[in-house]
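With chain A fixed as given, assemble chain B onto it according to the hints.
There are 2 protein chains.
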Amino acid sequence: MSKLLVVGTVAFDAIETPFGKTDKILGGAATYIGLSASHFGVDSGIVSVVGGDFPEDYLHMLNAKNINTDGVEVIKEGKTFFWSGKYHNDMNTRDTLATELNVLEHFKPVVPENYKDSEIVMLGNLHPLVQSSVLDQMSVKPKLAVLDTMNFWMDIALNDLLDVIKRVDVITINDEEARQLSGEYSLVNAAKKIHKMGPKYVVIKKGEHGALLFDDGKMFYAPALPLAEVFDPTGAGDTFAGGFAGYLAKTEDLSFENLKNAVIYGSNLASFCVEKFGTERMQELTADEVKERLEQFKELTQFNIT
Amino acid sequence: MSKLLVVGTVAFDAIETPFGKTDKILGGAATYIGLSASHFGVDSGIVSVVGGDFPEDYLHMLNAKNINTDGVEVIKEGKTFFWSGKYHNDMNTRDTLATELNVLEHFKPVVPENYKDSEIVMLGNLHPLVQSSVLDQMSVKPKLAVLDTMNFWMDIALNDLLDVIKRVDVITINDEEARQLSGEYSLVNAAKKIHKMGPKYVVIKKGEHGALLFDDGKMFYAPALPLAEVFDPTGAGDTFAGGFAGYLAKTEDLSFENLKNAVIYGSNLASFCVEKFGTERMQELTADEVKERLEQFKELTQFNIT
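The listed protein sequences derive, respectively, from chains A and B. Its first residue numbered 1, the first sequence is counted upward by one per residue in my numbering. Its first residue numbered 307, the second sequence is counted upward by one per residue in my numbering.
Since the hints were made in silico from the structure, they are not lab data. Careful: at least some of the hints might be erroneous.
[Claimed, not checked] Lysine to aspartate or glutamate pairs mimicking EDC-like chemistry, simulated, CA-CA at most 20 Å apart: (1) A/K193 to B/E535; (2) A/K193 to B/D396; (3) A/K250 to A/D43; (4) B/K604 to A/E299; (5) A/K206 to B/E535; (6) A/K108 to A/E77; (7) A/K200 to B/E605; (8) A/K206 to B/D396; (9) A/K298 to B/D521; (10) B/K309 to B/D559; (11) B/K498 to A/E299; (12) A/K298 to B/E601; (13) B/K512 to A/E176; (14) B/K524 to A/E208.
The shape of chain A in the complex, shown without the other chains (with noise of 0.2 Å):
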C-alpha cells in the first residue's frame, strides 16, 4: 500500500442544475479526490488551503475517512475559496457565476513531514507553480506524479504548465484541453504530442464518452456508465482522478494493465459522483456499491469473440 499526497482546492461550492440548486456546499478539486482515492484504504494526506469560514466538520468527515488533513492550512481571518456555477440542460456545458479565489489568491503549499515520501502524488487543478512547488518538496522522487489542469492555465500560465507537465508520469486532461494543449484536433495525435511534453501516460476525459488512456503506442478506453440520471456533474473529473490515483496506491502496479484497471475504477468513481448534488453521495458510498458497479462495468464493455 503506498502513500498518497493530494494537492488541490479545499472550497465551498454553490451548484444549480436542471434538478434544483444548492448553498454553499463542500467542494473542491483535493476534495473530491481525497475522498474517492479513500475507497481503497489508502493512506492519503491532502495539501490545501481553507479560511476561518470553513467548518471544522468538513475536516472531521475527511479524517473519519482515513483522509490526512495536517497540510490543509487554515486562514483564520481569511475566507475559503467559493466557486458557483450553472449547468444548462444537456449538463455537458455550464456557465460559472462567480469565482472566489480569496485564501488561495497566496496559496503557498506546505508538504507535511509525513507524506515528503509518498510514492503516489495526485497534483489537482491548481496554478501550476503551485503543483511544481509541491514536487519540489518531496524528499523522496514519487513512483508516480499524475497532474490534472484545466484551460484556464494554458492560457494565462503556459510556460509554467509546460515545466510541471515535463515532471509527472501521466496528465489526466479533458477532450477540449488536450486539443487546445497539443493544437491537434485528432485524439489519437493530441495524445502523442502531449507525451512528447513529458508524461509517459496520458489519460483523456470525454465527460459522458468516457475516458481514453494512452501508453507510447496503446491504447485504452474506459466507458462512462451511460445513466438515466446525471444529477450534478461537479466533481466527476475529480473522482475520476482520484478513483485512478487510489488504485494505483493500493495495488501498486505501475504497468500498462494496471493502469487500465486504474480508469475502470475512476469510471466507476466518477459515476456515483454525478448522482448527487457536490460530495453527498461520495460521502455515503458503500464498498459493496463500488463492487457491483464494477460487474456493470464488466458487463457493458467485456465480449468473447472466439
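Showing chain B alone in chain A's frame:
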C-alpha cells in the same frame, strides 16, 4: 449461414472534407451495408433502384463480392439518386449541398423471389413506407428485422415510421435521432421508450464516441476505434449496420451475448470505412485486416480486474 436481404439506396455521392473532394462516386446506404456484410461471406441481396446513368461496373463489383443485385431496378430513362455534402473541420457535422431524389422519388421496392425467405432483413434508411413494403413481401417472417432511419422521416412521416418500427426487432439510430424520437435526453431513458415502441433491441450510434446496445434492462458499449485521421465519415453508420447484420447472418445466434459481438464487428468495419473517400476502403478490405483490427478492439476494451 442465413440469407440477408438489404433494402436501401444505391446512389452517387459527391463529398468534400478538409482532406479533399470527390466527383460523383459510388455511395448509398445499401451499397455500404452490402459491402460491409460481404465480409462475413453471407448470401445477400440488395433491393434498390438506379437510373440509366449508373455504371454496370459498380453492379459487377458488388456481384463479385457475392452481393446479388437482381433486386436493383434499373430505370433507363431515369437518373440515379444523388447526394452531395461538405464536412466541417470537426468531421462530426456536415452541410448537405444537394439532394436529388431522381428515380428514388417513385421507388416501389420489389423483393426477388429468391430472397423472400431471407432470415435477416436489413432495412436501410429510406421512406418508412418503402421499408414496410419490403416486410410485406416476405413469404416467411424473418428471424431478425433491423431498421435504420433518420430524423428526416421523424419530421415528415412520423406515423409511417412508428408503424414500421413496431414491426422490427432491432432499430439502429444515432444519439440525436434517439433523443428526437423519444423526447428523452438521457440515452438510457431514450432506449427504454424506443424499446416500448416495438424493437427488442435498440442500438444508439454515437459516431466517434461508439455505439450502445440496449436490451430490456441490459446494456453493452462498443467504442469507435480512436483514429489519428478520419478521412471521410460518409457511410460509417451504414457500414456499422452492415457489419452488425452480416455477423448475425453468419453466426445465426440472436442472443444478447452474440449481439454484443455484432456491434463490435460493426464498429470494426466502420473504422475502416472512414479511412478513405466513399467505398474505396471497403472495396479493398481484406479478411486479415478485419481480424487484426478485432485484436485492436480487444486491447482497447478488455481488462482483467481480479
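Quiz item: Taking only the CA atoms, is the gap from B/K524 to A/E208 under or equal to 20 Å?
Solution: Holds, because 18 Å separates the two Cα atoms, which is no more than 20 Å.
Quiz item: Quick one, are A/K206 and B/D396 close enough, alpha carbons at most 20 Å?
Solution: Roughly 15 Å separates the two Cα atoms, so the pair holds.
Quiz prompt | Hinted pair B/K512 and A/E176, Cα distance within 20 Å | solution = With Cα atoms ~18 Å apart, B/K512 and A/E176 stay inside 20 Å; holds.
Exercise. Below or equal to 20 Å on CA atoms is what counts here, so check A/K206 against B/E535.
Key: Holds: A/K206 and B/E535 sit about 18 Å apart, inside 20 Å.
Quiz prompt | Hint consistency between A/K193 and B/D396 [alpha-carbon to alpha-carbon, up to 20 Å] | solution = holds, 19 Å
Exercise. Measure nothing beyond the straight line between the CA atoms of A/K108 and A/E77; if it is 20 Å or shorter, mark the hint as holding.
Key: This hinted pair holds, its Cα atoms lying about 16 Å apart.
Quiz item: Is A/K193 within 20 Å of B/E535, Cα to Cα?
Solution: holds, 15 Å
Quiz item: Do the alpha carbons of B/K498 and A/E299 lie within 20 Å of each other, as the hint requires?
Solution: It holds: about 18 Å lies between the C-alpha atoms, which stays within 20 Å.
Quiz item: Is A/K298 within 20 Å of B/E601, Cα to Cα?
Solution: holds, 18 Å
Exercise. Would you mind confirming whether the straight-line C-alpha gap from A/K298 to B/D521 stays at or under 20 Å?
Key: Given pair A/K298, B/D521 holds - Cα atoms ~16 Å apart, limit 20 Å.
Practice problem: Please work out if A/K200 and B/E605 have their alpha carbons no farther apart than 20 Å. | Solution: holds, 18 Å
Quiz prompt | 20 Å limit on alpha-carbon distance, applied to hinted pair B/K309 and B/D559 | solution = Between B/K309 and B/D559 the Cα gap is close to 14 Å, so the pair holds against 20 Å.
Every hint, counting from the list given before, is met by this structure.
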